[in-house]
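Colleague: Please model the complete structure; the sequences and the hints are all you need to start from.
According to our numbering, the sequence shown is numbered sequentially starting from 111.
Don't take every hint at face value.
Said to hold, decoys possible - If you anchor each label on the Cβ, the simulated ranges turn out as follows: (1) N125 to T148: 25 to 33 Å; (2) T148 to H127: 28 to 36 Å; (3) H127 to K150: 23 to 31 Å; (4) E128 to T148: 27 to 35 Å; (5) G141 to H161: 17 to 25 Å; (6) N125 to K150: 24 to 32 Å.
Everything labelled a hint here was simulated from the structure, so no lab data went into it.
No residue lacks a Cβ here, since even glycine has one placed at the ideal position from N, Cα and C.
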Amino acid sequence: RLLEAACNLSDLCWNEHEDVRGDLAARRVLGLPVNCVTHKERIWLATAIYHRY
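Modeller: Below, the structure is given as structure tokens:
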């Protein structure tokens, strides 16, 4: 479930400047209004998206 969510979110900040993509993407994931993920899962998603960039 989380891996599929990370894949769906993988292009979240594709058009941002390359120096700040990872940070912006992680912050956006942390701020998403999603009720179905726990805090730990949200942190995992943000970390996965950060390392993608």
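Colleague: It remains to establish, for every hint, whether it holds in the given structure.
Modeller: Okay, the hints, checked on the actual structure:
For the pair N125 and T148, the beta carbons lie near 30 Å from each other, so the given range of 25 to 33 Å is met. In this structure the hint that T148 and H127 lie 28 to 36 Å apart at CB holds, the actual value being about 31 Å. The given range of 23 to 31 Å is respected by H127 and K150, whose C-beta atoms sit roughly 30 Å from each other. Taken as a hint, the range 27 to 35 Å holds for the pair E128 and T148, whose Cβ atoms sit roughly 31 Å apart.
A beta carbon spacing of about 18 Å between G141 and H161 agrees with the range 17 to 25 Å that was offered as a hint. N125 and K150 have their C-beta atoms about 29 Å apart, which keeps the hinted 24 to 32 Å range intact.
Comparing the model with each numbered hint stated earlier shows that all of them hold.
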